[in-house]
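S.K.: Chains as they are written, first to last, in full-length UniProt numbering: chain A, 1 to 233; chain B, 1 to 233.
If you're looking for bench data, these hints aren't it; they were derived computationally from the structure. One should not assume that every hint holds.
One copy or two, it doesn't matter: identical chains are merged, so the pair holds either way.
List of simulated lysine-lysine pairs, DSS-like, C-alpha gap at most 25 Å [unchecked claim]:
1. K174 to K69
2. K52 to K138
3. K174 to K101
4. K30 to K138
5. K189 to K227
6. K174 to K226
7. K138 to K233
8. K101 to K56
9. K101 to K43
10. K174 to K121
11. K174 to K100
12. K30 to K227
13. K189 to K229
14. K138 to K57
15. K108 to K233
16. K174 to K227
17. K52 to K39
18. K39 to K198
19. K56 to K138
20. K69 to K192
21. K69 to K59
22. K138 to K227
23. K108 to K227
24. K108 to K138
25. K233 to K52
26. K189 to K226
27. K233 to K100
Number of protein chains: 2
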Amino acid sequence: MAEISIVLVRPLYAGNVGSVARVMANFGLKNLILVKPCKLGKKANDMAVHAKSILKKAKVYKNFEAAIKNFDLVIGTTAESTNKDDYFLRITISPEELRKKLQKVYGKVAVVFGPEDIGLKNEELERCDIAVSIQSAKDYRSMNLSHAVAIILYELSKGEGEKIQFRLASKREKDLITNTFGAIANLIKYPKPVERRKIFNLMLSRIIGRAQITGREANTLIGVLKKMKKRLK
Amino acid sequence: MAEISIVLVRPLYAGNVGSVARVMANFGLKNLILVKPCKLGKKANDMAVHAKSILKKAKVYKNFEAAIKNFDLVIGTTAESTNKDDYFLRITISPEELRKKLQKVYGKVAVVFGPEDIGLKNEELERCDIAVSIQSAKDYRSMNLSHAVAIILYELSKGEGEKIQFRLASKREKDLITNTFGAIANLIKYPKPVERRKIFNLMLSRIIGRAQITGREANTLIGVLKKMKKRLK
């Protein structure tokens, strides 16, 4: 099983951050990462109960990119999921599907939650390999932040004790695949409308993210893509 | 699927009761029952957010027996579970096992949660048909009340409803991707040892398979790969 960290991006309420720390302890997690958090203080400590040390040791970052850069797999969470396949950014998997994916791998995994009011920004979701959504009632989807963390950790904890198999491709390796493929597409002017190329690249990175490729697969793909690029130049 | 009500027995904190109402709304539940609750007021309403009507309509009872008497099945919850069969009262099933049981039935089901500090009394658990426990880390089992409700409702909600979201790429489309990519690799003589090319193709088809790409993604990939192949010839 992968090693999981929880990343809270711009959390607004100290009580929620404390509650998240507590439920992390309930499921045996230790690494909490905060991006531009609200002030924590007593309220956060009260809600953390016996998990104050998780709060105390939480790493704080000023921006999203710095917070995720050392992870092999970055999982974004969103309350808005879609079934329109032209809006692939919000094509999500369930927590259960996420567990099945993570069971087969090891590596450093970040599960990222956005602010309580508006969630992760599109450009942040774009930087995630996979987006996860908790299926809830249609008329009231917006879930308390710590409830969402509780549900995801509960689901992932079911996968423990499973056997380890592969090293996950790192974020850097996956970016290299997407960028090289993107550069080739550019060379051959695909897709024709320039403004659609960014979307094409995004689609590629999502496919690569979802496929959960191993380090070995990544290296093979990088090899063939570099060779293709060289030949096309 | 059974019709589920949540019963909170002697809840101590108004915020938790409000949070429970919210997560009930998130999972489409309406019936909240309170046995000798703490004073609710503003704190409960604040945490309920858009689920204030659930709080307002909650039925309040003075004793446990009166609260459960109209249900067909009463599920108790406990943080202490045991595998010693001489202490049968705390022999528990997992939320997942509960879901499997409830899927097969209909009727009125109460899921009962005890006070935040000590949980349900033994004599209350005795009155339950089944006891459920959420498997958590051994060194910190005690979970926030509303987190426990969130996890149980999440698990039970899996028994419901619709799935299919977008059209998955067909086998033919996926084969076309793999074969075109394989043909390109052949054109640029990658990997060099001819006998390894079959393995390379297999790796490609596995990655494509794992990524669970949509029909639309498949068509885009087929487009760019065909163009690449044409240019490389």
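S.K.: Would you mind marking each hint as holding or not holding in the structure?
M.R.: Right, here's what the structure says about each hint:
no. : hint         : verdict
1   : K174 to K69  : within (12 Å within a copy, 32 Å between copies)
2   : K52 to K138  : between (35 Å within a copy, 17 Å between copies)
3   : K174 to K101 : both (17 Å within a copy, 20 Å between copies)
4   : K30 to K138  : between (33 Å within a copy, 14 Å between copies)
5   : K189 to K227 : both (18 Å within a copy, 9 Å between copies)
6   : K174 to K226 : both (13 Å within a copy, 23 Å between copies)
7   : K138 to K233 : neither (50 Å within a copy, 52 Å between copies)
8   : K101 to K56  : neither (31 Å within a copy, 42 Å between copies)
9   : K101 to K43  : neither (36 Å within a copy, 39 Å between copies)
10  : K174 to K121 : within (21 Å within a copy, 32 Å between copies)
11  : K174 to K100 : both (20 Å within a copy, 22 Å between copies)
12  : K30 to K227  : neither (42 Å within a copy, 48 Å between copies)
13  : K189 to K229 : both (13 Å within a copy, 14 Å between copies)
14  : K138 to K57  : between (37 Å within a copy, 21 Å between copies)
15  : K108 to K233 : neither (36 Å within a copy, 41 Å between copies)
16  : K174 to K227 : both (17 Å within a copy, 23 Å between copies)
17  : K52 to K39   : within (15 Å within a copy, 28 Å between copies)
18  : K39 to K198  : neither (37 Å within a copy, 55 Å between copies)
19  : K56 to K138  : between (37 Å within a copy, 21 Å between copies)
20  : K69 to K192  : neither (32 Å within a copy, 34 Å between copies)
21  : K69 to K59   : within (13 Å within a copy, 50 Å between copies)
22  : K138 to K227 : neither (48 Å within a copy, 42 Å between copies)
23  : K108 to K227 : neither (30 Å within a copy, 37 Å between copies)
24  : K108 to K138 : between (33 Å within a copy, 23 Å between copies)
25  : K233 to K52  : neither (56 Å within a copy, 63 Å between copies)
26  : K189 to K226 : both (17 Å within a copy, 13 Å between copies)
27  : K233 to K100 : neither (41 Å within a copy, 41 Å between copies)
Violation of the numbered hints given earlier is confined to hints 7, 8, 9, 12, 15, 18, 20, 22, 23, 25, 27; the remaining hints are satisfied by the structure.
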